[in-house]
Amino acid sequence: MTPSDLLSILPLLVLVVWACALLLVDLWLKRKGVTAFLAALGLALTAGLALAQAGEETTAFGGMVALDGFASFLNVLFPLSGLLGIAVAYGYLKRMNIERGEYYSLLLFSTAGMMLMAHAADLVVVFLALEFLSLPLYVLAAFARPRLDSEEAGLKYFLLGAFASAFVIYGIALIYGATGTTSLSGIVAAIEAGSLGTSGLLLTIGAALFLVGFGFKVAAVPFHMWTPDVYHGAPTPVTAFMAVGAKAAGFAALLRVFVTAFPALDADLTPVVWVLAALTMFVGNVVAIAQTNIKRMLAYSSIAHAGYILMAFVAFGNPATRADAVASALFYLVTYALTSYGAWAAVIALEKQDPSAGSGQAASGLEINDFAGLGRRRPALAAAMTVFMLSLTGMPPTLGLVGKFYLFRTVIEAGQVWLAVIGVLTSLISAYYYLRVVVVMYMREGAPETTREPWLDFTWAVSALATVILSFLPMALFAWASAAGVMGF
Amino acid sequence: MSIPLSWYLLLSVALFCVGLFGVLSRRNAIAILLSVELMLNAVNINLVAFWRYLDPARMAGQAFAVIVFAVAAAEVAVGLALIIAVYRRRKTVVADEIDLMKW
Amino acid sequence: MATETIIWFLPLPPLLAFFLIVLFTNKNKALSHGIAVGAAGLSWLGSMLVFVRALGVEEFGKHAFESVINWLPTGETWFQIGVRIDPLGAAVLFFVAWTIFMIFIYSIGYHNFGQPEGDHDRKGLPPHGATVTDAHGHKHTVPSVEPMYSRFFAFLGLFAFGMYTLVVSNNLLTLFVGWEIMGLCSYLLIGFWYGKPSARNAAIKAFMTTRIGDVFMLLGIAFLYSATGTLTFSEIFTEEMLHHLASISTPILGLSGAGLIGLLLFIGTVGKSAQWPLHVWLPDAMEGPTPVSAMIHAATMVSAGVYAVIRMFPLISLDPATMSIVAFIGAFTALFAATIAVAQNDIKRVLAYSTISQLGYMIAALGIGAYVAAAFHLITHAFFKALLFLGSGSVIHGMEHGVLHTGNHHVDPQDMFNMGGLRKKMPITFWTFLIGGFALSGFPVITAGFWSKDEILADAFAHGHWAVFITLAVAAFLTAFYTMRQITLTFLGEPRTEEARHAQETPWTMTLPLVVLAFFAVTYGWVGIPEHFPLLGGLVPNWFHEFVGSTLAEHPEAAPFSIWPLLTSLAVALGGLFFGWLVYRNVKSPAEDKLQIPVLKNKWYFDEAYDFLFVKPAYWIAEKFTYLFMDRAVIDGILHVVARFSLFLGHAFRNYFDKPVVNELIGDGTGNLVKASGRGLRFIQTGRVQYYMVVSMVLLVIFAVLYYFLIV
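Sequences listed follow chains A, B and C, in order. Add 3 to a position in the first sequence, counting from 1, and you land on the number used in this note's numbering. Add 108 to a position in the second sequence, counting from 1, and you land on the number used in this note's numbering. Add 2 to a position in the third sequence, counting from 1, and you land on the number used in this note's numbering.
Because the hints were derived from the structure by calculation, they are not lab data. Beta carbons are placed, not taken as given, at the ideal position from N, Cα and C, and that holds for glycine. Errors might be hidden in some of the hints.
Derived pair list, reagent style DSSO-like, types lysine-lysine, alpha-carbon separation capped at 30 Å [said to hold, decoys possible]: (1) C:K31 / C:K198; (2) A:K97 / B:K210; (3) B:K210 / A:K355; (4) B:K199 / A:K33; (5) A:K355 / C:K31; (6) A:K33 / B:K210.
The following label-pair restraints were derived from C-beta to C-beta distances [to be verified]: (7) A:P400 / C:W468: 28 to 38 Å; (8) A:G449 / C:Y196: 39 to 49 Å; (9) A:V28 / C:L74: 31 to 41 Å; (10) C:R124 / A:L44: 16 to 26 Å; (11) A:L44 / B:A165: 40 to 50 Å.
Selected chain A positions facing chain C (Cβ under 8 Å, derived; list incomplete) [stated by the list, open to error]: (12) P225; (13) P231; (14) D232; (15) A434; (16) V442; (17) M478; (18) L480; (19) A486.
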C-alpha cells in the first residue's frame, strides 16, 4: 500500500472516514439537522473530489482497485444520489418521528460501498463492496422501527440479500478455482490463454451463479419478487435511495465484470441475458398495471427499468457495439436515477404520518387514487410528477425518451431487433399505468394533503427541470458516459 | 496428496445444497440465517481447497476465505438484530408469518 | 456574451414566461403580464443586440452567426441542431422582435387591465362590462377585465417562443418544431373565447386547414432528409448538394427532386400563409382577440410561411415548374383576396383579406425570383399590417365603449357602417391608422409600403413577367381602393350611430404600440430606396438590398430602373385612394354600397364550395354511405346482386375477421389479456420470503435445463 494507492481512492476514503466521524459526532449533536448538513457536506466533498479525479486512469492496491472513466463517472453519480437521499429524507424523518442521526451515517456508508463497487477490479473487492453497500441498506430498510412494515421490509431484504450473496460468493469461488485468480484482468488472461480445459465448465457455472446473485441484487425477473415488498415497506426516502443507488451499484458490478471478462464468454451468455431482459421488462410492466399502491407500482416500474438496462448487456455480444452498450447503460442509469428520485420525492410529499403506525396492521400506504386533485392543489408538483411519469414511459420532452432511444439503438445495432421490439412494446404497456397517475392527478376531484418542505420541493423541482432540459441537451452527458465506457485496468 | 480436488468440491456442493435446502424449507428465521451461513462455509471449503491444490504459493485464496468469515460475521450481527426487532413486536420468528406486505 | 450564445437564448424567456404563468402566477394578473412583457422585452433586447452586432460584421452573408451542437446520434454521425442568424435572419428578427414586443404591451390595454371584474363575465367569453358607481352615486357601465387574463399572456409567451425558435433555427427540423408550436398556439388563441361556437369552429377550421399544408411540408422535409442526409440550411445550399437535388428525377409531374421538395415545402406555406386554395381559415380566425389577429395572423405566423419560402429559395428556385406554380398561386391570391376585401363590412375581415392578398404579393414576388423584394415587402408589411390590426382593435375597443355607454348590445362594434367620424374621437388611432392604411396602399414616397411594393412591380416588369405585373397592379389598385373605403367609412364623415358618437380614445398601453409601429411603417421603407430612383435615389444607400441580398451565394442584381412600373404604381395607389374616398364619402348604409355584389360579399363562395366539395361528401360518406350501406333497406331496395355480394363479403369480414380477430383479439383482447395477466401475476406475490426464493430457484432450474437442451 503506497500513498498513491490511497490517493487513487481518495474520495472513497474521505467518505468512509467522514462517515465514521459523523457516527461519533452525532452522539453530541442535539439537532439532527446539523447531522444531516454534515452528511451532505461530506457527500458534496466526495463528489467534488471524484469530479477532480475525472480523466485519471490508474490501478491501485496491486490491481484490485481501478480508477478509470467508469469509476469516476459512477463516483460522481453515487454521492449525488446520496445527497438527494438526504434531501428527501430530512423532512420525512421528522414528520414520521424517526429522526435519528444514524440514518445519515448509514447512508454514507452505503454510498461508500457503492463507490467501492465502481472501483472494483477484483472479484474479492466486488464481493466486499456488495456487502459494504448492502448491510447499511438492510438496517435503513428497517429504519422506521417500530413500524411493522418497515421491520418486515428490513428482514425480507436481509434474508434475500444474504441468500443472494451466497450465490455471488460461490460463483466467485468457482471462477477462482477455474482460473486461479480473482482479478478481472487475470481472469481475462486465463480465458484468452485457452488452457482452461474441464475447468471451463467450472467457469461457466461460476459466472452463472454470479449472474444469479446479482440478478437478485438488481431485481431481474425471476429474482425480483422481494422488490415490491421491500420497496413498499421501507421508509420512502430509503426506497428511493435503494431504487437508485443499490440498483446502479449492482449494474456497475455487472457492467464491469461483463465488459472485461465476458467477451470470452459472451457466446454462452447472450441468450440468457436476452431472456432475462425480456422477462424482466415484460413482468415488471405487466404486473405494475394491477397495482393500486403507488409505492408498489413504482417498485414494479423499477423492476421493468432493470430490464431495460439489462438490454444493454445483450449488446456486449457484438464487439462493435460494446462501448456504446456501456455508455447507453450508464446514460440510462442517470436517466432513471433522476426521474425515479423525482417520482419518489413526489410520493414523499403526499405521504402522511401513517395512522396505523404502531398498530398491528400493515401500513395501508399511499394509493394512486390519493393523487386525485393534485393538479389543482399543487400545480407545480403535479406538473413535475407528470414529467416523471412521461420520462418513465419514455415520452418527449423528457430524458426518458433520450435514454430509451440510445438503449434501443444500441440493441438494434447489435442485431437484436426483436429484443428492441419487446422493449418498445413493453414501454407501450407501461404508458397505461404511468399515464393513469397523470389522469388521476388532473381529471379526478380530490383534495390531497401535501407537505411543503424546502429540500423535498428542491429535489422534485430540480429533477423535473433536469429531466426536461437535459432531454434537449443530452450531448454532454452522453459524451461523458461514452468516456466512461472505456475501462482500463 | 491422495484425496483428489474433486472430492472437496463435491463436499462443498453438498454443503451448499444442504444450506440451500435449509434456507428454503426451515420456518424459523434464525434457522434460515444459519443455513445461509452453511452456504458461506461451503464457499470457504471451496476457496481453501482451490488455494491448496492450484496456487499454494500465494495467499489469495486463504485471504479470501478470511474475508468471507468476516463478512459472514457482520451479516449475522445485522441479521440477528433485525430478527430480534421483529420478534419483539410480533412475538414470532416464523418467516412465513411475516407477510404483511404482499400483492 | 458571445453573439451565438445570445441567439441560443433568444427563444427562452417567453417559454419560461409561459411556464411561470401557467404554474405559478395564474391568479395574479399584474404579475402575469409583468412576466410576459418582461420576457418579451428581454428577447427584444437580445434581438436588437444581435441585430446591431450583425450590422457591424463585414460581409455578413459569408460570416453569419452560426453555432451548432450535436443533438442525436445517428449511427456514426450526429444529427446536429443549431442557430443561425444571417442577413435575412437578422432582418426578420428585427421586425419579429419589435412587433411581438409591441403586441405584448398592447394586450395589457386590450384586455382592460385595471378595470373591475365583470358583473356576469364567464371564462371563455369576451368580457361584457362591469357596473360601477361613481362618487356622485351615478351608475356607469365600464369595460371589464378579461376573465382569463393570465392565460392569454401564457399563450402569447408560448407563441413567441415558437416564432423565435423558427427565426433562429439553422435547420428545417427545429424550424418545423417552431412552426407547429405556432400552429398549436394559433388554435388555442383563435379559440380563446371558447364559449362562442363561432370561435370554436374557427379554431378547428384553422387547425385542420393548416395541418393539411403541414403534412405535405413534413413529407417534403422527410424527402429532403432522405435525399441529402441533412436538414441544415448551410449544408443543403451548397453547390454540389443543390446540383445533386436538381438531378434527381421523381415520378410526380416530371419535377426534379429539388422541384418536388420545394413544392411540398411550399404547400406548407400555402396552408400557413393562407394562400389560395387553403386561405379559408384566415378570415374566420378573426374570431380571436385582436392582438392575436395582429400578431399571429398578420405580423408573425403567417409571415413565417413566406419566410420559409424565402429561406428555401435556393432550393425552390432550382425548378422552373415549381417557380411557375409559386408565382401563379401568389399572383392569383393577391388579386382574388383583394376583390373580396372590397365587399367586407367587418373592419377586421377587410384586414384579413388584405393580409391574404399581401402575402400573395410576396409569394408572387418569390415566384418570379424577386428574392430581396419579397423579403422587403415581408418586413414592411409586418409593420404596417400589425399597425392596422392593432388600430382596428383600438377602434373596436373605442366602439365597445360607446356600446357600453348606450347599452344597446345589438350594435356590432366591428361593422364599419356603424362607425364614421371617429377621427375626432380617437385622434391617435386615426392618424396611426391613416399611416398604416397609406403604407398598405403604397402611398408614394413617404410610406414604407410604396417602396417595397414598387420594388416587386419593378422586378416583375424588368424580367418580363407581364401576367404577374398586370395582376399585381390591378390588385394594388384594389388594395388602395378598399383601404380608403375602410378609412372613409370608419374615420371620416359624421358618426352614423349613437355608439360611434360616444366612442373614446384607448389607454396609452394601446396607443403607444400604434405610434411605434407607425414610425416603422414610414421609415422602414427608406432603407430600401432603389439606387436610380429619380431625385431620391442614392441619397440613402439601398442598404436593404445589399444586406439581405448577401444571404444568397450569388448576390442578386437589383432590377434596372424603369419609369413605367413607377408610374403604374403611382397611378394605382393614388387612383385607388381617390376613388375609395370619392365613392364612399357619402355612403350611409350597406344598401347604398354599389359593390356589395353577392359573389364578392360571399367570398366567391369558397366556403360553400369547400363545404359542398369536401365537408358534405365527407359527412355524406360517413353517414349515408357507410351507415346506410350497412342498412338492410338500402341493400334490399337499391343495390342489386353485386352489391349483395359485396355486402356479404363485408359482413363476412366484419363478423369473422374484424370483430373476433381485430377487435377482440387484438383490440380489446390484448388490453384485457395484459390486465388479466397483471392481476394474475400479482397473486404470485404472497409476501412470504421463502416462497419467493423457491419460485426463483424453480424457475432457475427450469431455465438451466432449457438452456442446456436448447443451446448447449
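How the hints compare with the structure:
1. C:K31 / C:K198: holds, 23 Å
2. A:K97 / B:K210: holds, 28 Å
3. B:K210 / A:K355: holds, 21 Å
4. B:K199 / A:K33: At roughly 33 Å apart (the allowed maximum being 30 Å), K33 (chain A) and K199 (chain B) break the hint.
5. A:K355 / C:K31: Judged against 30 Å, a Cα distance of about 34 Å means the pair is violated.
6. A:K33 / B:K210: violated, 38 Å
7. A:P400 / C:W468: 28 to 38 Å: violated, 51 Å
8. A:G449 / C:Y196: 39 to 49 Å: violated, 25 Å
9. A:V28 / C:L74: 31 to 41 Å: Because 49 Å falls outside the window, the suggested range is violated.
10. C:R124 / A:L44: 16 to 26 Å: violated, 55 Å
11. A:L44 / B:A165: 40 to 50 Å: holds, 47 Å
12. P225: holds, 4 Å
13. P231: At 6 Å from the nearest chain C Cβ, P231 (chain A) passes the 8 Å test, so the hint holds.
14. D232: Hint holds; D232 (chain A) Cβ to chain C Cβ min 6 Å, cut 8 Å.
15. A434: Result: violated, 12 Å to nearest chain C Cβ.
16. V442: violated, 16 Å
17. M478: Holds: closest Cβ of chain C sits about 5 Å from M478 (chain A), inside 8 Å.
18. L480: Hint violated; L480 (chain A) Cβ to chain C Cβ min 12 Å, cut 8 Å.
19. A486: violated, 14 Å
Of the hints listed earlier, those the structure fails to meet are numbers 4, 5, 6, 7, 8, 9, 10, 15, 16, 18, 19, in rising order.
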